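Add chains H and S to chain Y, keeping to what the hints say.
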Amino acid sequence: MTSFLIRRLLITVVLIWLVTTVVFMFVRLLPGDPAMAILGAGESFQPTEAQLTTVRQRLGLDRSLPEQYASYLGGLARGDLGSSLTSGRPVALDLGLRLGRTLQLMVPALLLSSFLGIAIGVVAARARGRLLDPVLSVIGLVGFSVPVFVIGNVMVLILAIQLEWLPSSGYSEFTQDPLRSLRYMVMPTIALALAPLAVTMRMTRTTVVEELGLDYVRTARAKGLRERVLVYRHVLKNAMLPILAVIGLQVGAAFSGSVIVEYVFNWPGVGRLLLQAIDSRDYPVIQGTVLLLSTLFVLVNLLTDLSYAYLNPRLRRR
Amino acid sequence: MDRMLRGAALLLVVAFVAASCASGPSGSTPAGGQADAKPKLGGTIRYGLVRDPIHFDPHVSAGQSSMSLQGSVYDGLVEYNDQGKLTGALAESWEQPDPTTYVFKLRKGVVFHDGSAFDAEDVLASLNRIKDPKTAAPQGPFVLTFTKMEAPDPFTVRITLAKPNVTFLDRFVGDSNSTMFMASATDIATGFDFRKKTNGTGAFSLASYEPGGQYVFKKNAKYWKPGQPYLDEMIQVVIPDDKARVNALRSGEVDFAENVPWQELATLDKFSTYPYSVSWVMVRLNSGKAPLDNKKVRQALNFVVDRQEVMQLAFGGQFRVIDGPLQQIGNSFYWKELEGTYKKDHAKATSLLAEAGYKAPADVPAMEFSVFSTFAAHNDPAQVLLQQFQKFGLKVTFKAIDVATLNANRGNGNYQMQMDGLSFSGPDPDNLRAFFHSTAVGHAVAAKFKNDKLDQLLTQGAETTDVEKRRTIYKEAEQIILDEAPWVFLLWRPTAEASAKHVKGYLVVPGGLGAQNFGRWEYIWLDK
Amino acid sequence: MADPRFVVCGLFLLVLTFLALFGPFVAPYPDDRVNAAQQLKPPGGGFLLGTDEFGRDILTRIILGARLTMLVSLGSVAIAAVTGTAIGLVAGYFGGWIEGALMRAVDAMLSFPPFVLAIFVLTFLGPKLENLIVTIGILFIPRYARVAHVVTLAAKEKDYVEAARALGARTWRIILRAILPNVFAPLIVQVSLGIGSAILIESGLSFLGLGPPPPAASWGRSIQQSARFMQLNPHAVIWPSLAISAAVLAFNIIGDSLRDSLDPRLRII
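The listed protein sequences derive, respectively, from chains Y, H and S. Heads up: the first sequence is residues 1 to 318, going by this note's numbering. Heads up: the second sequence is residues 1001 to 1528, going by this note's numbering. Heads up: the third sequence is residues 2001 to 2269, going by this note's numbering.
Okay, chain Y solo, but in the shape it has when bound (with noise of 0.2 angstroms):
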């Protein structure tokens, strides 16, 4: 175990050297330039070639790349991510406010789906053969067949436009006001959870239905074990393994999600900066937000592979 344990985590360390390697280049290597942007380049103002180069110089663009990469590699290890071009704000300290936020919605979200997922999906294992099972299934396949932006816009048009019931997009700090913060958080946490509730659903009445067809469970039975507590407490907990490792993959799945989710309700999180990033080429801010995902993505599944490998002995042993 200790031996996988090192190994993984060493692989890991390596990704996460590759993820910022690659994500250094590719900044590096696209089109356009930030000082215009910064200097505000646009319908009525044109930077002279003079202005652009002060620019540049005072950000450090005009230094060879090996140099840039090196200045960047040693911010990195001392957590320093650099400041935005346009805001002059460290980008670590943005970061860190908007991971917040995008947390604030993928962690109900994920919740959300996750024990709802399980549960409805019991629900629809048990009830197998009726008229449930297939309305459930068929939601479930709908809900992860159904982009998220269509989702999105369907409830903002029903939700907000038509019946006023919540506020179409914003955002509002949790800590200040948290009842005003949740009426914003309520349409794009179901939108995220949607589809992995769906995912997780389908997953476990699958992995349920299998397991309530297999032996022990008939001997139960006819012993007279009561119904839910051998669902709840037996069959699901045998079932849990492939169950964690879809919810594992949904949590990844997630991050994708709250891009899109955060864009159509314009939440201050990290996809949007990430967007608004690249729009104005602000290299430190797309550097640090695509690390920062790609790392979170990366420890996410390393987590998911040890909780895997710790539950199933079969696999402890590679």
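Just so you know, the hints here were simulated from the structure itself, not pulled from any lab data. Certain hints may be false.
[To be verified] Derived pair list, reagent style DSBU-like, types lysine-lysine, alpha-carbon separation capped at 35 angstroms: (1) H:1453 with H:1289; (2) S:2158 with Y:237; (3) H:1399 with S:2128; (4) H:1222 with H:1134; (5) H:1395 with H:1469; (6) H:1391 with S:2158; (7) H:1399 with S:2158; (8) S:2128 with H:1359; (9) H:1344 with S:2128; (10) H:1453 with H:1148; (11) H:1391 with S:2128; (12) H:1501 with S:2041; (13) H:1343 with S:2041; (14) S:2128 with H:1395; (15) H:1501 with H:1270; (16) Y:237 with S:2156; (17) S:2156 with H:1270; (18) H:1131 with H:1453; (19) S:2041 with H:1296; (20) H:1450 with H:1296; (21) H:1395 with H:1222; (22) S:2128 with H:1448; (23) S:2041 with H:1344; (24) H:1395 with H:1295; (25) H:1395 with S:2041; (26) S:2128 with H:1295; (27) H:1343 with S:2128; (28) S:2158 with H:1289.
The structure displayed is predicted, hence computed values, not measured ones.
The following block gives chains H and S in isolation, referenced to the frame of chain Y:
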């Protein structure tokens, strides 16, 4: 399986019914205008911004995004009043003893947000900072033309120029095009971080902010306009998505939204809307790349397009086309005689192409049409134009670019045809010089556009003070511009703001000075 | 395969393929002309599903968009399946450092959140059709590589493979004749589900403006452009949304039913 299909069918029906219930336009005309009631004091206004101000530096341009920030926090020496006429701001009055000298008499008793007093020293320090190439201020080159700047007493500033400049006073207006705001001399001397902090004389001070979130402004109790501002607080919220911003207005999340797309105006009948235009939509033609190096080809293109159709499809038929006169109607330099110079005329286009050596439109070499395709204001007209060009028989291919490339292309000329827009810096026809003089960076230079007579006229026009002479000069200049057809002239891009009905005091400054609206937050009050 | 799910979805997909191939001949308004007089009309008056903000027929746009959707999804999955399977086969069969290197590379590819990576790469390369297909294709390689790898490892132990090797059969023949057939079943399931995912990714990228640029009638792009007019005419958003959802749904259902009939053990995938 039967049941599954039945379940699915049921769900589909439900979905369809829900969707059709959700459709149906509301469609009355938008209302506008304010009542002339007495302003009520107090209140907080929430304002939806298109994007974060990139920075707060009062001397460096940061585009539309910082207009309302710079305009509320800082002041210039002069400003435009609600009739579009120049009036004093930080300068109470001014005189021009001779064509190359201006004397400003500064207002007394004005203080900065940090409490320090405003006087001539601050003006000189600001101008010197603007002049400094390290600041990269858009007005730097302009201030460099001053031969002398002095402060004979603490409330007088005297500026001497080498040559007369008719637009001198316009340039001193405090707005985000000119960025000739006045900052504190002490701040400048002590290396104040203007990009991230503010200290101005304006109606509001920036109390706190968070990029991508909100910007909170508090009333400046010591503002020099008596009794103003009316509002206690102004909170600007960044909502980049147009739809989201308008929805925020609809649901009451914000009281005011900037940059309302034209398609939303029709459904905002319960709100006050303020449509206007200060920008152009046009297609840049690179005069340095064949076949566009031939004037006749460029002219032909101007006869191929159907401006009305573009205006209708891309902008809901709002505002006006540009088919000749380059200034806005109502401007004293608007030439009615030039109206209709260009219109859709395929026969004429074909004959012009023939004169250029192309017997049929299909003989013209293929041209690439670069378009910033994720920006609706560029993408929509481009879609229509593409079809118009292709229907005529030209081989035009669409090339999607992003904003960074768009900006870069303006400077390096890496395009044949590029969908673009621009804003006029002010109502004076000298605004043409920034685009069509052969030294115009980001416009003529990259596109290798040069007409010597035009250069001469534009330079003359900036220096002449005689109104009649200027009229002659600029009329001829416009005729040359139209003849040279450096661009496919299209239309004025309509834009609009919208507010809840209880927001009063906002108005669109007439005379094509729409950019001025943003600096007038001291006039806004809430009727609640 | 008399499974009704399979039949219904199969028919739907046949229609989709037909539209992708012959769309311009079937569409009511094949030249997709903009029309100022017909902006944002609801269904009726010659426009079966209504018109969008440019006066273009929505039904036509959807039919033309089918071609793009099928092209991108089939193209990217084809690239991923072929490349990924090859990698997995080679890694699994030859083992040793080849296996180590190849599967590490596959793991490395999996360490980027796919959608974020796609956004990043497409901004760099430009939103052209080819770039889209290749990017999504590369993103999907790992899943095929893994499946092929696992199956190859299992198949390698089989008797007939040992026998073939003992008889001195050439390597590539063994791989092709003995091992590859084992991969088909899980591969087909993966492909079917993969196409659904590819469509979702493509429409998501198009929605963000990174997909094939206009005037291409991409479904995701249409939704993004017409979303501004949702209040004036929601049909321009509803129908492309339904199209995307239906296509993804159909592929997912087929994938499901294929998996159920071919090999229920593959449920973990």
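Results for each hint:
1. H:1453 with H:1289: holds, 22 angstroms
2. S:2158 with Y:237: The given pair, whose Cα atoms are some 34 angstroms apart, holds under the 35 angstroms limit.
3. H:1399 with S:2128: Satisfied, since the Cα-Cα distance of roughly 9 angstroms is no more than 35 angstroms.
4. H:1222 with H:1134: Cα-Cα ~33 angstroms, so holds.
5. H:1395 with H:1469: Measuring from Cα to Cα gives roughly 44 angstroms; hence the hint is violated.
6. H:1391 with S:2158: Not satisfied, since the Cα-Cα distance of roughly 64 angstroms exceeds 35 angstroms.
7. H:1399 with S:2158: violated, 54 angstroms
8. S:2128 with H:1359: holds, 33 angstroms
9. H:1344 with S:2128: Given pair residue 1344 of chain H, residue 2128 of chain S holds - Cα atoms ~32 angstroms apart, limit 35 angstroms.
10. H:1453 with H:1148: Distance of about 31 angstroms is within 35 angstroms: holds.
11. H:1391 with S:2128: holds, 24 angstroms
12. H:1501 with S:2041: holds, 30 angstroms
13. H:1343 with S:2041: holds, 28 angstroms
14. S:2128 with H:1395: holds, 19 angstroms
15. H:1501 with H:1270: holds, 7 angstroms
16. Y:237 with S:2156: holds, 34 angstroms
17. S:2156 with H:1270: violated, 73 angstroms
18. H:1131 with H:1453: Roughly 30 angstroms separates the two Cα atoms, so the pair holds.
19. S:2041 with H:1296: violated, 40 angstroms
20. H:1450 with H:1296: holds, 15 angstroms
21. H:1395 with H:1222: violated, 63 angstroms
22. S:2128 with H:1448: holds, 29 angstroms
23. S:2041 with H:1344: holds, 27 angstroms
24. H:1395 with H:1295: holds, 18 angstroms
25. H:1395 with S:2041: Distance of about 31 angstroms is within 35 angstroms: holds.
26. S:2128 with H:1295: holds, 32 angstroms
27. H:1343 with S:2128: This hinted pair holds, its Cα atoms lying about 34 angstroms apart.
28. S:2158 with H:1289: violated, 67 angstroms
Of the hints listed earlier, those the structure fails to meet are numbers 5, 6, 7, 17, 19, 21, 28, in rising order.
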